[in-house]
Amino acid sequence: MCVNPLADVTRSVGARVTRNLISILLLIAIALSLGVWPAPTAAATSGWRACAARPVPLPAPQPLNPALADRLQERISTWRENRRTRYPGLSVAIRWDDGRTATAVSGVADSNSGRKVTPATPFALASVSKPFTAVLALL
1137 MCVNPLADVT RSVGARVTRN LISILLLIAI ALSLGVWPAP TAAATSGWRA CAARPVPLPA
1197 PQPLNPALAD RLQERISTWR ENRRTRYPGL SVAIRWDDGR TATAVSGVAD SNSGRKVTPA
1257 TPFALASVSK PFTAVLALL
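Counting with the numbering used here, you get residues 1137 to 1275 for the letters of the sequence shown.
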């Protein structure tokens, strides 16, 4: 009689896989019956959920008083020049509730090339950027 030495091992591996599969299916069935997974969300029709479901449109931009824009630009430029900071340039934007927006820029975006700062110039936030990036990566 020829005996297969791997027969017991094969049988035990197959039984273990079957046992694990049954255990997983049983856990899923229990979790579903206990309501571990959230129910599908219903459409928000009232209360704070209704407000959160509909974004509020921003007001249309209103014309800004040119004297106010010039004064802001002058103050930003003067502040940067008087402070003699290590930052070669800066950009400031103010938006009021009624939609008026004022922007002011001063200095250069790149010291090597001499490229001027514009309201659309991106600025690095130094080490503060890292937590923002980490949170976005987790979402």
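Do not rely on the hints blindly, as some may be mistaken.
Unchecked claim - If you anchor each label on the Cβ, the simulated ranges turn out as follows: (1) K1252 to A1273: 19 to 25 Å; (2) V1228 to A1273: 43 to 49 Å; (3) I1230 to P1193: 18 to 24 Å; (4) V1264 to P1202: 31 to 37 Å; (5) P1258 to A1165: 31 to 37 Å; (6) F1268 to A1151: 28 to 34 Å; (7) L1261 to I1158: 23 to 29 Å; (8) I1164 to S1249: 23 to 29 Å; (9) I1230 to P1191: 19 to 25 Å; (10) W1232 to P1191: 27 to 33 Å.
To be clear, the hints were calculated from the coordinates, so they are not data collected in a lab.
Here the structure is a predicted model, which means the values were calculated and not measured.
Beta carbons are placed, not taken as given, at the ideal position from N, Cα and C, and that holds for glycine.
Checked hints:
1. K1252 to A1273: 19 to 25 Å: violated, 33 Å
2. V1228 to A1273: 43 to 49 Å: violated, 30 Å
3. I1230 to P1193: 18 to 24 Å: holds, 20 Å
4. V1264 to P1202: 31 to 37 Å: About 34 Å separates the Cβ atoms of V1264 and P1202, which means 31 to 37 Å holds.
5. P1258 to A1165: 31 to 37 Å: violated, 51 Å
6. F1268 to A1151: 28 to 34 Å: At 51 Å between Cβs, range violated.
7. L1261 to I1158: 23 to 29 Å: At 52 Å between Cβs, range violated.
8. I1164 to S1249: 23 to 29 Å: violated, 59 Å
9. I1230 to P1191: 19 to 25 Å: Cβ of I1230 to Cβ of P1191: about 22 Å, so the range 19 to 25 Å holds.
10. W1232 to P1191: 27 to 33 Å: violated, 20 Å
Checked against the numbered hints given earlier, the structure breaks hints 1, 2, 5, 6, 7, 8 and 10 and satisfies all the rest.
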